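Chains as they are written, first to last, in numbering that gives the first Met the number 0: chain A, 0 to 338; chain B, 0 to 436; chain C, 0 to 305.
Rather than coming from a laboratory, the hints here were simulated on the basis of the structure.
Check before you lean on any hint, since a few could be wrong.
Claimed, not checked - Below, in silico cross-link-like pairs of lysine to aspartate or glutamate (DMTMM-like), each with a Cα-Cα straight-line distance of 25 Å or less:
#1 56/C to 287/B
#2 239/B to 2/C
#3 412/B to 367/B
Said to hold, decoys possible - Here are the computed distance ranges between Cβ atoms for each label pair:
#4 201/C to 196/A: 31 to 39 Å
#5 194/C to 208/A: 32 to 40 Å
#6 241/B to 180/C: 31 to 39 Å
#7 163/A to 99/C: 51 to 59 Å
The model shown is predicted, which means the values in this text are computed figures rather than measured ones.
Don't be surprised by glycine CBs; every beta carbon is placed ideally from N, CA and C.
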Amino acid sequence: MTGSSSEARLITPTMLGAWLVLATVPLWINAIGLYPYIGVEIVIWSIYALAFNLVLGTSGLPSFGHGAFFGVGAYAFGLTQFNIAANLWVCLAGAILAGAFAGLIVGLLIAHRRGIYFALMTIAFGQIFWTISVKWHSVTGGEDGLLNILRLPATFGVVSFDISDNETLYYFVLAVFAVVVMLLWRLVNSPYGRILSAIRQSETRTAHLGYNVWLYKLSVIVISAGLSGFAGGLFAMAQRSAFPDVMNLAQSGLIVMMTLVGGGLVSFWGPVIGVIIFLIARDVIGAMTNAWALYFGAMFVLLVLFRPEGIAGGAKLLMERWKARREASRVLSSAPRSG
Amino acid sequence: MKKNGKAGHGPSRRSVLKGSLMTASLAGVGAFYGPWEHNRAFAQGKKPIKLGLTNDASGQFGNSGQDEHRAIRMAIDEWNAKGGVLGRKIEWVTADTESSPAAGTRVAERFITREDCPILIGALHSGVANAITQVANKYGTIFFNTNSSAPSEAGENCSRIKFVWDGNGTNFSKAAVANAVKSIGKNWLLLTNDYVWGHSTAAATKALIEANGGKIIDNLLVPQNTRDFTSYLLKIQQIKPQVVGTAIAGDDNKALREQITQLKLDQAGGPAWINNQQDWPDVWGAPESLFGVFGTTFYHKIDLPGIPEFVKKWQDANKGGPIPVPGNVSYNGYVATHELFRAMERAGSTNNIALIKALEGHKMSAKDRMQHFDAYIDPVTHQVQQTIYLARKNTKPSDNTDHFEILSWAEPKDVMDDAAPTKCKLVPHDKVPSVDA
Amino acid sequence: MFDLLPHLLNGLVLGLLLALIALGFMLIIGLMEQINLAHGSLFALGAYFALMLVGPKPPLPADLAAQWLQIPLGWRYGMALIIAPCLAGIVGIAVELCMRRTYGKDPLYGLLLTFGVALVLEEIIRLTWGTRDHVLPVPAGMSGAFLFSDLIWSRYRFYAAGMAAVAIGLVWLLIEKTPYGAMIKAGAHDSEMVRALGVNLSKLRLGVFVLGTMLAAFAGIVVAPIWGIRPHMGVDAVVPAFLIIVLGGIGSFWGAVIASLLVGLAVGISGAYASEWSLLSMYLLLVAVVSIRARGLFGKKSMLEV
Chain A
0 MTGSSSEARL ITPTMLGAWL VLATVPLWIN AIGLYPYIGV EIVIWSIYAL AFNLVLGTSG
60 LPSFGHGAFF GVGAYAFGLT QFNIAANLWV CLAGAILAGA FAGLIVGLLI AHRRGIYFAL
120 MTIAFGQIFW TISVKWHSVT GGEDGLLNIL RLPATFGVVS FDISDNETLY YFVLAVFAVV
180 VMLLWRLVNS PYGRILSAIR QSETRTAHLG YNVWLYKLSV IVISAGLSGF AGGLFAMAQR
240 SAFPDVMNLA QSGLIVMMTL VGGGLVSFWG PVIGVIIFLI ARDVIGAMTN AWALYFGAMF
300 VLLVLFRPEG IAGGAKLLME RWKARREASR VLSSAPRSG
Chain B
0 MKKNGKAGHG PSRRSVLKGS LMTASLAGVG AFYGPWEHNR AFAQGKKPIK LGLTNDASGQ
60 FGNSGQDEHR AIRMAIDEWN AKGGVLGRKI EWVTADTESS PAAGTRVAER FITREDCPIL
120 IGALHSGVAN AITQVANKYG TIFFNTNSSA PSEAGENCSR IKFVWDGNGT NFSKAAVANA
180 VKSIGKNWLL LTNDYVWGHS TAAATKALIE ANGGKIIDNL LVPQNTRDFT SYLLKIQQIK
240 PQVVGTAIAG DDNKALREQI TQLKLDQAGG PAWINNQQDW PDVWGAPESL FGVFGTTFYH
300 KIDLPGIPEF VKKWQDANKG GPIPVPGNVS YNGYVATHEL FRAMERAGST NNIALIKALE
360 GHKMSAKDRM QHFDAYIDPV THQVQQTIYL ARKNTKPSDN TDHFEILSWA EPKDVMDDAA
420 PTKCKLVPHD KVPSVDA
Chain C
0 MFDLLPHLLN GLVLGLLLAL IALGFMLIIG LMEQINLAHG SLFALGAYFA LMLVGPKPPL
60 PADLAAQWLQ IPLGWRYGMA LIIAPCLAGI VGIAVELCMR RTYGKDPLYG LLLTFGVALV
120 LEEIIRLTWG TRDHVLPVPA GMSGAFLFSD LIWSRYRFYA AGMAAVAIGL VWLLIEKTPY
180 GAMIKAGAHD SEMVRALGVN LSKLRLGVFV LGTMLAAFAG IVVAPIWGIR PHMGVDAVVP
240 AFLIIVLGGI GSFWGAVIAS LLVGLAVGIS GAYASEWSLL SMYLLLVAVV SIRARGLFGK
300 KSMLEV
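Start from the sequences and build out the full structure, keeping to the hints where you can.
The following block contains the structure:
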């Protein structure tokens, strides 16, 4: 980990830059041949990917069942709306709580696992949640889906914003995204986050240092699941419905792939980059050919062969080389720094 | 909705279909390079009408999705050859809806907001159909559900902007059950896919069996994605029902078929099988394994005027395609697209409300639809009430496509889903956002 | 009400088929510590290659095709059982050559690579053979049904189970009774030591990967007449394979076999008594076992855990 002043900040220059660029998206997204909904989807999946990377990248826990938490959040958003209160904040809170609760159940059973056994157990739990969502028709609507979920207005005291069209929904999810990014950045760079990183590097050593590894792992699973559920709730609102398909193994795999493609293992922003590339590539290739999977799959193969550290990783490497060169030319006489 | 006038004219945005190597030669059909562009005169300066074809190309329904796609394209080509609709050329875009609701939502959003499509056509899976409907509802875009046969599509999940073109599970049960109770036996076992479509189909079947004096001796629920049916088949043999009514869909049904035929359970000695609708694209791959009595809305060997011509046209349009003759899935897509253009001509407009009104209650002659009885679009549920055929495996095929033996056909009024009108609540016309092309 | 015996027998047959599907996956995960997500696509590819050889339209010039079709179905089927896995093995070589770059790195990279390969292979299948379903013809002597204790049984299922048992037995012989097996086992635990012994590790890995691929393809051919052939058929195979490996324990041959039989029995028996739970039963079995035994039934510590 490279020491940098930005780690201590609440808001970093990168964040500001990213938000500014993202805030202008509705102005030019049509001009580049895309459409607002894909923007909404990208931001929501970015939240999901960042939440997921808390488990994968930060803590080194390979989860292949995260779709379950996303899906549980989506259903919870709709069910809260229909059965408790049709209020945006209540519904989003419902999504977070449901996701976190699902995370707690799963976490209690798998937090003491590692590596491949952890990964495969998450697949099993993911499948169990998926099966329940398909089977429990009276609650979830089964395959037909939970329909007619509303895009509820965002109320702040007396002010209320209508977010029912794609542009306003985009700004809403973007604002939420900004908050999530700040929170996660703080979390990752807090002492708690550093212990998670230590667990990723060596669970045994962290345990020897006196930390309760199990509790840390459990808590990060719960936080990540809660945030994934939150993203799921937003997705249900964007899609105006919730379906079991986001919980299946293929979809759970997609979030892993997006995070890896972007470089989530080496960079905080990696998952976001991955989501952007992934969703746009799929949409654009999909509009050109029904054989999109061929090109899409080839893209992964090439990426692993030539840029295994992911796109963010590649960029980081270039940055470091450039920095190193600049430093080398500036202080020619001094010994070059390693790394 | 903000729309960019220039959108859709860059070469990279061309809608190109490469569903298979065989159809790759058709690639490149798009706004400017359409084959009709240079030899057909359309009314000068009139904007083309662009349809969004939401057809699955991958996943569980990829095969059927591409089959309906071919027929929809054929209908479009026919109308363009005649000079288009209202003097306007018809264009289309397509993208893979992946048999997945999330993809359905995305593709529908893309077609409506990015490609300016006033109409979406195509669906196999009820979840995907519902996801598309949710998007279409928001914008008021008309959506033709061509091939999803869940009864809920014209029941609780109906919509003012959605029209359902296929017969559904209830229609098929009604056509088959009364007959089977009387002629085969009263002891029934149901083998049901454990999800909404299976349950609603089984419930309808059960009510009909009991109304006709039969009884259900067991109902085996089969989880979705079951590939091995042996334990169910063993159990059926142990229970010994006279008739087995199945409501098993998609790949599950294909696996079930293969296993039943391997056992020769559909032959003398075994129970009689009442199967749900069999989609032609599924049958074509595995005709050896057709079993029991099943429903359909179309068969290419039915002796009715118009069918030979339709089959010929379809074959000319799909030379070297993966399936040699049109089946029910293709048929539904073709007829639906035709009726859309006719409705536009009747309404003299592409305005959605005008089109909805032109479609609602519209009667279609038997001759026109190449079926035995007149059909109509139910104004209460938006489902097409049509002739339902019962068929079984043909033991004396006249050629290598002749897999069905048509047993009987039922009038629309005799197979109507009576429960649907009470479940379906359509919003008033003036509550639908206005859309035009 | 009815006998349990047929359901036990059916469960065992299903278990053998699942073991065959999981076996190639197990070898690769055991030696290379890589999760091969393309396993399902290679499984499908095997079935399609066999279809090419056994089906009515072999990809040969017309006169050669006609001659080929003169050969009795039984012979062609027998040849397909050997040739199709070899063809898939060639694809396996290509995949392994790509995969080499990921050895020694985070296993997630191998995962990403094989995910890409799976997408590409499935699309190639769709482009080459179309999206429709196919049926793999089986020699008349193997198909059909027979009567036993008042029940009709599918003859092919028992042939399929027999072929699975033979393949499992051969793999067992290879691992336990040949020097290659010793190398494979040593390689799984200590690649440094294998290298020190003068074994060419990269050749060993290539060999095992190709063997795993061929086993996947063979499983595809054996299972195809029961499940059917369609482009996404591999998806149905990967999940049980995953599950069986965890249940049995990574790197354990007998673990995989016993886990397969357990899953087969669980699915078969629940199918008879609580039909709607039969698919979920394997997940519940997994959760129950792994909650008690962290590394599955016979698992050893794996590098993938660190």
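Evaluation of the provided hints:
1. 56/C to 287/B: Given that 25 Å is the threshold and the Cα spacing comes to 17 Å, the pair holds.
2. 239/B to 2/C: holds (14 Å)
3. 412/B to 367/B: Holds. Residue 412/B to residue 367/B sits at ~19 Å (cutoff 25 Å).
4. 201/C to 196/A: 31 to 39 Å: Because 33 Å falls inside the window, the suggested range holds.
5. 194/C to 208/A: 32 to 40 Å: About 34 Å separates the Cβ atoms of residue 194/C and residue 208/A, which means 32 to 40 Å holds.
6. 241/B to 180/C: 31 to 39 Å: violated (55 Å)
7. 163/A to 99/C: 51 to 59 Å: The hinted range 51 to 59 Å holds for residue 163/A and residue 99/C, with Cβ atoms some 52 Å apart.
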